[in-house]
Amino acid sequence: MNIEPSSRRALVTVIRPRNASRYAPLTSWLLTLPLLATFAVGFLYPVSKLVALSFASGSESYLRLWGEPLYLSVLTTTAMTAAAVTVFCLVLGYPVAFAMTRFKGKAAIITAACVFVPLWTSVLIRSYAWIVLLQRNGIINDSLQGAGLTEQPLKLLYTQGAVILGMTHILLPFAILPIYATLRTLPPDFARAAANLGADRARTFMLITLPLSLPGVFAGGILCFVLALGFYITPALIGGPGSMLMATLIGQQTTVLLDWPFAAALSTILLTFTLIIVFLFRRALSLSKGFQSVH
Amino acid sequence: MIGKRLTLRHVQKTYGAVWAVREVDLEIGAGEFVSIVGPSGSGKTTLLTLIAGFETPTAGSIIVGDQDVTVLAPNRRNIGMVFQKYALFPHMTVRKNIEFPLKMRGLTKHGDTSKRIDAMLDLVQLGSLQHRYPHQLSGGQQQRVAVARALVFDPPVILMDEPLGALDKKLREAMQFEIKRLQERIGATVIYVTHDQEEALTMSDRVAVMHKGRLEQVGTPNELYANPDNAFVADFVGSINFIPGTVSSKDQSLIAVKVGDTLVKVRASNGGSIREHEQGSDVRIAARPEHISIAPHGDRTSQSLTGTIETVVFAGASRTALVRLHAPPHLLLRADMPSDLLSPPERGSDVALTFAPDALRVFGPAERTGP
Amino acid sequence: MFIDRNINARAPALVPAAIHRSRGRPAKQVILTLLAGVLIALILFFLVLPTLIIIPMSLSTTSYLQFPPQGITLKWYVAYFVDPDWMAATWFSLRIAVATSVTATVVGTMTSLAVVRGDMPLKGALHALSLGPMIVPHIVLGVALYLVFSPLHLTGTFIGFLIGHTVLGVPFVVITVTAALQRLDPALELAALNCGANRTQTFSHVTLPNIAPGVASGAVFSFLASFDEATVAFFISDVGGKSIGRKMFEDIDFNLTPVIAAASTVIVLSSLFLIGFVQLLSKSGNPKNPAGEHL
Numbered sequence: 001m002n003i004e005p006s007s008r009r010a011l012v013t014v015i016r017p018r019n020a021s022r023y024a025p026l027t028s029w030l031l032t033l034p035l036l037a038t039f040a041v042g043f044l045y046p047v048s049k050l051v052a053l054s055f056a057s058g059s060e061s062y063l064r065l066w067g068e069p070l071y072l073s074v075l076t077t078t079a080m081t082a083a084a085v086t087v088f089c090l091v092l093g094y095p096v097a098f099a100m101t102r103f104k105g106k107a108a109i110i111t112a113a114c115v116f117v118p119l120w121t122s123v124l125i126r127s128y129a130w131i132v133l134l135q136r137n138g139i140i141n142d143s144l145q146g147a148g149l150t151e152q153p154l155k156l157l158y159t160q161g162a163v164i165l166g167m168t169h170i171l172l173p174f175a176i177l178p179i180y181a182t183l184r185t186l187p188p189d190f191a192r193a194a195a196n197l198g199a200d201r202a203r204t205f206m207l208i209t210l211p212l213s214l215p216g217v218f219a220g221g222i223l224c225f226v227l228a229l230g231f232y233i234t235p236a237l238i239g240g241p242g243s244m245l246m247a248t249l250i251g252q253q254t255t256v257l258l259d260w261p262f263a264a265a266l267s268t269i270l271l272t273f274t275l276i277i278v279f280l281f282r283r284a285l286s287l288s289k290g291f292q293s294v295h
Numbered sequence: 001m002i003g004k005r006l007t008l009r010h011v012q013k014t015y016g017a018v019w020a021v022r023e024v025d026l027e028i029g030a031g032e033f034v035s036i037v038g039p040s041g042s043g044k045t046t047l048l049t050l051i052a053g054f055e056t057p058t059a060g061s062i063i064v065g066d067q068d069v070t071v072l073a074p075n076r077r078n079i080g081m082v083f084q085k086y087a088l089f090p091h092m093t094v095r096k097n098i099e100f101p102l103k104m105r106g107l108t109k110h111g112d113t114s115k116r117i118d119a120m121l122d123l124v125q126l127g128s129l130q131h132r133y134p135h136q137l138s139g140g141q142q143q144r145v146a147v148a149r150a151l152v153f154d155p156p157v158i159l160m161d162e163p164l165g166a167l168d169k170k171l172r173e174a175m176q177f178e179i180k181r182l183q184e185r186i187g188a189t190v191i192y193v194t195h196d197q198e199e200a201l202t203m204s205d206r207v208a209v210m211h212k213g214r215l216e217q218v219g220t221p222n223e224l225y226a227n228p229d230n231a232f233v234a235d236f237v238g239s240i241n242f243i244p245g246t247v248s249s250k251d252q253s254l255i256a257v258k259v260g261d262t263l264v265k266v267r268a269s270n271g272g273s274i275r276e277h278e279q280g281s282d283v284r285i286a287a288r289p290e291h292i293s294i295a296p297h298g299d300r301t302s303q304s305l306t307g308t309i310e311t312v313v314f315a316g317a318s319r320t321a322l323v324r325l326h327a328p329p330h331l332l333l334r335a336d337m338p339s340d341l342l343s344p345p346e347r348g349s350d351v352a353l354t355f356a357p358d359a360l361r362v363f364g365p366a367e368r369t370g371p
Numbered sequence: 001m002f003i004d005r006n007i008n009a010r011a012p013a014l015v016p017a018a019i020h021r022s023r024g025r026p027a028k029q030v031i032l033t034l035l036a037g038v039l040i041a042l043i044l045f046f047l048v049l050p051t052l053i054i055i056p057m058s059l060s061t062t063s064y065l066q067f068p069p070q071g072i073t074l075k076w077y078v079a080y081f082v083d084p085d086w087m088a089a090t091w092f093s094l095r096i097a098v099a100t101s102v103t104a105t106v107v108g109t110m111t112s113l114a115v116v117r118g119d120m121p122l123k124g125a126l127h128a129l130s131l132g133p134m135i136v137p138h139i140v141l142g143v144a145l146y147l148v149f150s151p152l153h154l155t156g157t158f159i160g161f162l163i164g165h166t167v168l169g170v171p172f173v174v175i176t177v178t179a180a181l182q183r184l185d186p187a188l189e190l191a192a193l194n195c196g197a198n199r200t201q202t203f204s205h206v207t208l209p210n211i212a213p214g215v216a217s218g219a220v221f222s223f224l225a226s227f228d229e230a231t232v233a234f235f236i237s238d239v240g241g242k243s244i245g246r247k248m249f250e251d252i253d254f255n256l257t258p259v260i261a262a263a264s265t266v267i268v269l270s271s272l273f274l275i276g277f278v279q280l281l282s283k284s285g286n287p288k289n290p291a292g293e294h295l
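Here the protein sequences line up with chains F, R and X, keeping their order.
Under the working numbering, think of the first position of the first sequence as 1, with each following residue one higher.
Under the working numbering, think of the first position of the second sequence as 1, with each following residue one higher.
Under the working numbering, think of the first position of the third sequence as 1, with each following residue one higher.
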């Protein structure tokens with residue numbers, strides 16, 4: 001047998017790809033260096049330092065959090081708010097995603113624009129717009145009074161409801177796009193076959209389309225929930241003292257009370273909770289499905 | 001003649017514990033057109049990949065002319081390749097695509113290559129379309145651009161990986177002729193991979209039949225058709241019937257195989273490996289449809305099998321009958337009948353089938369996991 | 001369930017067309033179709049309302065936020081363009097965003113090449129890491145970066161922002177470029193090698209031109225991600241260096257003036273223009289490139 005000298009082959013395996021449609025191991029590692037360097041400085045080291053700070057005085061910060069009902073209620077409020085936002089996003093998002101797969105021509109373009117334009121409007125600007133809409137003499141109160149439905153302007157802004165409304169608005173596209181991506185890949189033959197076998201439209205939807213689109217619903221739901229957990233801008237601007245969330249509590253601790261170790265402990269809890277959810281649902285969560293169709 | 005000899009010596013490729021190519025030895029002469037055929041997964045495309053240098057063999061060597069290219073980078077091999085789906089660069093015009101290999105060899109900087117490209121465009125009759133982009137061309141035109149790009153740098157060896165697979169039947173036949181014409185004119189060595197045995201038989205000087213990573217047989221189209229080495233080749237090349245039986249007796253000139261109650265005689269020299277088989281061993285008789293003659297049931301002899309005509313299929317110059325044998329029961333045979341037969345047997349009628357001893361072959365029993 | 005009926009009747013959001021197409025169907029179905037159309041239209045209106053509302057706001061003559069505006073004026077735009085604070089923040093953010101889109105695009109593209117074409121262990125982990133900043137709550141990252149940057153005097157600096165925003169921008173590039181690479185037929189690169197191109201030539205002549213639309217959209221998205229970013233910017237800004245996100249946050253929080261609406265309108269229109277421009281570019285500039293279709 002005519003085998004190459006083993007040393008030459010060994011060298012070749014590092015600098016030459018095993019398969020020409022792949023890059024060689026050496027090239028592959030070199031390509032990842034910039035990411036590793038940037039993320040080490042701007043992501044991994046700072047986050048580790050934050051986690052370390054939370055343990056700077058042992059578990060004191062965590063014990064304090066555990067002992068104070070107010071902080072515990074912020075934890076549950078955060079989870080409940082994120083859950084409520086997720087449910088609203090899915091309920092409002094599914095019909096739009098469904099419509100996007102069926103609309104043609106102008107209706108399709110208008111729908112797509114309505115989904116994408118807010119996505120690329122800054123969160124700050126949209127939160128600002130909600131302030132304008134919800135304030136005491138804003139459009140919504142004016143219209144309600146104009147229609148004679150209310151006598152006094154209602155307190156809409158700086159409430160828990162305003163926060164849920166604003167966050168639902170901001171996260172809605174993240175629910176629509178994964179559902180749309182899944183629905184779009186369903187062959188119309190399934191629905192046609194079901195209809196052909198005698199199912200009416202309602203049953204075709206309930207028994208065929210909806211179950212097949214569940215992966216998209218799940219992906220969109222997890223994405224919304226995870227993003228909602230860490231939301232800062234919107235609750236900080238349109239939420240009130242009664243609607244404190246983890247992120248706003250962290251913000252308060254750092255900017256007003258300057259209690260960094262406690263803020264670090266809160267951040268660590270928020271981060272851990274987020275990562276656990278991402279890890280548990282890593283198969284369902286498809287970031288690329290959510291963002292890829294963004295463009 | 002620009003073609004060079006290509007030698008594959010003990011070439012092997014494994015992926016973990018899976019063998020893709022085992023112990024392939026093949027010598028292809030300069031300017032020869034050799035097809036590699038085989039079912040999908042037989043390792044034929046892997047073999048091509050190894051020759052092109054996209055992967056390195058686990059063992060063995062690949063030699064072009066006098067140069068060992070086994071571990072040479074693909075861009076330094078100077079081997080032309082036509083890809084399965086053409087792999088034309090979508091962002092370049094036809095002309096730029098054809099110019100690309102010349103540009104990469106630095107030829108466009110020193111000296112004028114435009115005449116060479118023009119000549120190549122003429123050769124594949126694409127002069128008028130040279131400023132189009134690939135997506136503006138039909139499948140057949142794209143195919144010709146791919147051929148032109150593979151030929152333009154005068155490679156001594158050209159690889160073609162199912163180049164006509166995406167075309168419809170009419171266009172395929174026209175392009176087979178076209179490729180053959182170009183190859184004969186340029187004199188390059190061509191290795192042509194296809195799963196279509198008919199295409200391979202039509203175009204090639206020699207055909208290599210590949211199965212499960214091995215070369216089963218290499219020979220001229222005629223050799224493969226008339227003298228297949230084993231049942232796989234017999235089955236893969238052309239149409240054939242296998243009839244199971246038992247060796248009843250054999251002498252110097254004839255082997256008698258018992259099929260049901262009938263003794264079918266086969267020329268002993270056509271027995272292949274069966275020569276070692278003893279009396280009583282299980283075998284298969286292989287008979288091509290054109291070597292079976294159909295006679296009315298009443299004309300049967302002690303050496304004919306009987307059966308019932310199930311269907312008659314029109315096939316141009318001849319008609320093919322599907323005959324359900326009486327014994328062994330349920331076996332279906334294909335037998336050709338001349339179209340000009342005065343009273344062709346009807347569907348449902350019983351017939352007698354006879355065989356020419358010289359045209360039959362005998363192989364061992366079917367493997368359980370075999371084809 | 002009635003949504004499904006609507007869909008099968010192929011009713012666009014435009015109600016009269018829905019009636020027209022449903023002619024001859026039972027009255028119940030027409031009503032359901034209508035309802036579904038109205039529902040979708042309402043959700044779409046909800047999606048775009050906040051973005052649209054800022055335009056009339058920015059043109060209002062009253063300094064107090066009011067709607068509908070009493071008269072039309074451009075004075076808030078003038079105020080925005082002459083205010084040194086707003087201008088300083090805008091230019092600072094523009095410089096950061098341009099630099100971020102360059103670094104994030106380079107780092108993200110190299111990472112995508114390693115993830116899709118590389119031959120190395122832990123590719124899945126590398127991919128997950130590169131998308132991490134999208135999932136980690138921005139408030140956590142903001143606090144963490146502040147902790148590291150503050151002692152190094154990097155807060156409020158160009159380089160500090162560049163590091164933080166590059167980390168945030170990389171996931172957008174990785175998603176778009178990974179998608180473009182996965183769509184690219186590997187046979188094209190093999191064909192280039194076979195034609196005599198070396199690895200570098202193959203990348204510059206074949207790979208890069210074919211993934212260019214993905215790279216370009218990654219660049220635009222990382223630019224916008226930086227320019228629109230407010231949470232991390234909130235923490236790593238200081239008196240000396242303030243991004244437009246931080247400036248806007250402060251103004252919304254402390255003195256709500258229509259200048260914010262004017263600034264927002266300028267930002268939203270430029271963002272949409274930028275996205276539209278890139279889409280046009282990748283569609284018309286390279287018509288023969290099927291990879292451009294995804295934009």
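Hints in this document: simulated from the structure, not taken from any laboratory.
Predicted, not measured: the structure shown is a model, and the values here were computed from it.
Ideal placement from N, C-alpha and C gives every residue a C-beta, glycine not left out.
Please note that a few of the clues may not be correct.
[Stated by the list, open to error] Chain R stretches covered by chain X per the calculated footprint, using a threshold of three residues with CB under 8 Å from any CB of chain X:
#1 64-72
#2 101-115
[What the hints assert, rightly or not] Below, in silico cross-link-like pairs of lysine to any residue (SDA-like), each with a Cα-Cα straight-line distance of 20 Å or less:
#3 R:K103 x X:L44
#4 R:K96 x R:T108
#5 R:K109 x X:L129
#6 F:K49 x X:V106
#7 F:K49 x X:S150
#8 R:K85 x X:P186
#9 R:K96 x X:I135
#10 F:K106 x X:L44
#11 F:K49 x X:L129
Each hint tested on the structure:
1. Only residues whose C-beta sits within less than 8 Å of a C-beta in chain X count toward coverage, and the segment 64-72 of chain R has 0 of them, not enough to reach three; the restraint is violated.
2. For the segment 101-115 of chain R, the proposed coverage by chain X is satisfied: 3 residues have a C-beta within less than 8 Å of a C-beta in that chain, meeting the threshold of three.
3. Distance check on the hinted pair: K103 (chain R) and L44 (chain X) sit about 53 Å apart at the alpha-carbon level, beyond 20 Å; violated.
4. Restraint check: the Cα-Cα separation between K96 (chain R) and T108 (chain R) comes to about 11 Å, which is no more than 20 Å; the hinted pair holds.
5. Pair hint K109 (chain R) plus L129 (chain X) does not hold up; C-alpha atoms about 44 Å apart against a cutoff of 20 Å.
6. As the CA atoms of K49 (chain F) and V106 (chain X) are separated by approximately 27 Å, the hinted pair breaks the 20 Å bound.
7. Proposed proximity of K49 (chain F) and S150 (chain X) is supported: the alpha carbons are some 13 Å apart, at most 20 Å.
8. Annotation: proposed proximity of K85 (chain R) to P186 (chain X) holds, straight-line Cα distance about 11 Å (limit 20 Å).
9. Between K96 (chain R) and I135 (chain X) the alpha-carbon distance is near 44 Å, which puts this suggested pair outside the 20 Å criterion.
10. With a CA separation close to 14 Å, the supplied pair K106 (chain F) and L44 (chain X) stays within the 20 Å bound.
11. For the hint pairing K49 (chain F) with L129 (chain X), the CA-to-CA distance comes to about 18 Å; that is within 20 Å, so the pair holds.
When held up to the earlier numbered hints, the structure conflicts with 1, 3, 5, 6, 9 and fits the remainder.
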